[in-house]
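Visitor: For reference, the chains in residue letters:
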Amino acid sequence: MSRIEQFQYDNRIVRAFGMAAFIFGIVGMLVGLILAFQLIYPELNLSQYGISYTTFGRLRPLHTNAVIFAFVGNGIFMGVYYSLQRLLKARMFSDTLSWIHFWGWQVIILCAAVSLPAGLTTSSEYAELAWPIDLLITLIWVVFGINMFGTIIKRREDHLYVAIWFYIATWITVAVLHIVRSFELPYSMFGSYPLFSGVQDALVQWWYGHNAVAFFLTTPYLGMMYYFLPKAANRPVYSYKLSIIHFWALIFIYIWAGPHHLLYSSMPDWVQSLGTVFSIMLIAPSWGGMLNGLLTLRGAWDRVRQDPVLKFFVVAVTAYGMATFEGPMLSIKSFNAISHFTDWTIAHVHVGALGWNGFLTFGALYWLWPRMYRTQLYSVKLANMHFWIGTLGIIFYAIPLYWAGWTQSLMWKEFTPAGTLAWGNFLDTVTQIIPMYAMRALGGTLFFTGVCIGVYNLYKTAAQGTFLANEAAEAPAREPHVKAAGDHWHKWIEGRPMQMLLWSTIAISIGGLVQIVPMVFVESQVPKIATVEPYTPLELEGRDIYIREGCVGCHSQQIRPFRDETVRYGEYSKSGEYIYDRPFLWGSKRTGPDLHREGGRYPDSWHYNHMIDPRSMSPGSIMPQYPQLADNELDLSLLPAKITALRKLGTPYPEGFEERAIADAQAQAKKVADKLKSEGIKDEGMETKEMMAIIAYLQRLGTDIKK
Amino acid sequence: MKFAKYLFMLLLLAGAAPAWSQAATTAAPDSAASQLPQIMAYILTIAGAALFIVAMVYVVKVNQFLYKRVLDLEASKSGVKLPQEQMAGAEVEADSFWASMRKKYWEDAVPIEREGEILSHHDFDGIRELDNRLPPWWVNMFIITIVWAVAYMFYYHWGGDGPSSADEYNMEVEEAKKQEAIALAGMADAVDESNVTALTDAGALGEGQTIFKNVCAACHGQGGEGTVGPNMTDEYWIHGGGIKNVFKTIKYGVPEKGMIAWQSQLSASDMQKVASYILTLQGTNPPNPKEPQGVIWKEEAAAPTDTIPATETPAEGK
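Taken in order, these protein sequences are the chains called A and B.
When you line the first sequence up against the numbering used here, it's residues 1 to 707, in that order.
When you line the second sequence up against the numbering used here, it's residues 708 to 1025, in that order.
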């Protein structure tokens, strides 16, 4: 037996991440609540007063980013920094790196909180942040990696526990995803265009977006579950074998499933089918985690009744099980045809986010706070109250949205016997579900109330205890494992973190490579359409305004090959139509109608009036007003840089076009303004306003194919 | 564990549901059932099947219970002492086939009392691990999904004749065309621009008004005063007044000027109702009228004709 060593665990960094998780949880959920109410009362967008920072389109990415990267992100680091030290019997590698990691991450969040409402966005879901922030994220993630692997290297525990396998897989996969998704060419301080266009950009996006769910919201939280649940229940983990199989199967299969976000889209069928089948094969590996969690509670169920921590964990793991069953079901094409673009998807992700991530975080916080503050939880009663209000909140959130999703989808698809759409006016399918939106807002309010109770409870717990910043511990120095006769084969890799990293990297790379490489390098995957041409400079500016305002948050640009969609919107979308779309703007939700064939559908003056006040053209519409588009001067100064950047990426603008681009845009703006005048719009000086660009872009949409 | 069993069964049923729902819809092609969207068929099928499973499990349980009661009664009547301890304690031996099947394919956890046998010697910060067998039902589910995945890829890509997304679309449209033809043939609704007449009964005009507010008012104003689109209340018409011309403009639209073709969104009778309603707006003088566009239309001058007058004046715009 080697010498016993004395050391201390760093609790201060855990507390910092825990507090940040709670604070940003409050912020992120509050923004979510505002969005929920904006859908019922469009006046809450405030844009009618000329304030452009608070529209739904700009706040939606703020909500998703705040909840994913600020709330759950800080939750992950809290869980990792606490459990990693203890599972390895070592203090974190470097306190300095810990604090660089902490403050770096908060700075990133702050940048996001400023830049997203300001309209600086790439519009790629969960990767909206501008390129300088992307660089900062990369840097901080590397700091986290060095700190984690440094701790692993100086560990006193030879074998890595299953939680740490998940942490390692999380780290490498998020790194790969983030870097590949951020392949972009800057044209200004904050603006950039992605390397890939159209269908390829869509594939890379959902490979990223889906696996952000997998490796940011799932695997690190599974790791945390493997630590906190057996600790709180004081029971051994149900099955070591199950841990091994479900870990490797999960990380290998998850990465393939991204294309299930693109079913019935212009993506080639083979990619879609891979998304479907790997999603179905994902049920068992996902449930492996749920089973190992729930079965660990065998013999401890009596305590679940009394201990709020365990209650939170049980609901979290159950929500995880439900969401990971529902996800594969939604990947079956016949289900997806109904669910996609509707609130069904929103309900689905919130079962995961509120139930799995939210409740696991709260459970862990309630477990950690009394331990770090050397005291008892201030009030078990309040914790129970938080649990019940939160659970009720999830139910009130999810059920109305499921109902809304089904209702709207069925209305979209309903035909009269004579072959006309029963609900030809899209708006009717929106006003129909507004009562359900109201119920959802109530559910969100309940959940939010619970979180506030939780903050109070933890604050009081901290106030009555004394914080233990450095927790003394002791353990023998590490002795490399000596292979024994009855050892499980997997023990081999558990003592070798670098092999663990290497094999995880291989496991998570295969799926992405098989799907993305052929799509990028085999030209026949995206059949060319001769009449499709690059956007004019003015349309390009209009497109960037569309991106800035977050229109993609509510409007898709992807007509699926269904009879109801071709009757409603026009010919279904072809992959060759998107080759100059950087970024792609297919969207994932239709709160408003699809816009892919919007060009020529309405007169310019309709768009002009509709932008200034949607309700003047469509009474009952819940779209925000955009009067500032008619006031803002159109800034064309970046056009030459944009044209040059796009040409470098492959858009065939002729040499020297960048010098003519501004004049070209002004000439086209003049034409739009003249047309508006002829249609009776009397505003002065229209030709220099942003409205000209957005109208030019909307009128171009989907028209090339008709030439 | 129970809920997991049922969820597993539901998964299997979800696979079978398309076949059943298809069978259900082909069985009743022209009833309301064919309109029943696919998803409802799914949900009903799965819910029904789940109910069926629960009912069957219940029946089996009741049966077992009654059987035991009967045995007990028989025993007490005849005075034979039933080997109680054997039934409870040695159940495994007594029912070895089913017990072993269950162990092999369904559930095989080491009981909590004996879990010391499979408990790891090592602990991680106090966490120990059991080495329970993989739950057999879970392994089976995994295998089934893998087999399903291979079959799916084979059917759609590797040699089977599964339809592509585009094929599915074409089939859907073909089928719809047939259904439409049948529906239209049996309908008095078959008005078109050659035989349409202006309706005058209040009911039809009321429906026309509702449609107008929903779809036309956006461009032509709530009172038909005209905003983006032309004024409907004056006697000037760009594409001809009178029921036949108005019907025709609604039906086919004027795409180059932004007027949508409504024929795919409104039925013929709806277009007739809204066209009739529009004619009633003549001379209503709503506030903020748009300036007149087109030419004066006199009903008697242009008798029954379905041609658009050549006097259209594009210079005035819409």
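FYI, nobody ran anything at the bench for these hints, they're computed from the structure.
Do not take every clue at face value.
Computed, partial: chain A to chain B, Cβ under 7 angstroms [unchecked claim]: (1) Leu87; (2) Tyr264; (3) Trp270; (4) Ser273; (5) Ile283; (6) Ala284; (7) Ser605; (8) Glu655.
For each residue, glycine too, the CB sits at the ideal point set by N, CA and C.
Visitor: State for each hint whether it applies.
Guide: Evaluation of the provided hints:
1. Checking Leu87 of chain A against chain B: minimum C-beta separation of about 5 angstroms stays under 7 angstroms; hint holds.
2. Checking Tyr264 of chain A against chain B: minimum C-beta separation of about 6 angstroms stays under 7 angstroms; hint holds.
3. At a threshold of 7 angstroms, the smallest CB-CB gap from Trp270 of chain A to chain B is about 6 angstroms, leaving the interface hint in force.
4. The restraint placing Ser273 of chain A at the interface with chain B holds, with a minimum CB-CB distance near 5 angstroms, inside the 7 angstroms limit.
5. The beta carbon of Ile283 of chain A comes within 6 angstroms of a beta carbon in chain B, closer than 7 angstroms, and the hint placing it at the interface holds.
6. For Ala284 of chain A, the shortest C-beta to C-beta distance to chain B is roughly 4 angstroms, which falls under 7 angstroms, so the interface hint holds.
7. Residue-level restraint check for Ser605 of chain A holds (minimum Cβ-Cβ distance to chain B is 5 angstroms; threshold 7 angstroms).
8. Because the beta carbon of Glu655 of chain A sits about 36 angstroms from the nearest beta carbon in chain B, more than 7 angstroms, this interface hint is broken.
Hint check: a violation occurs at hint 8 only; the rest are consistent with the structure.
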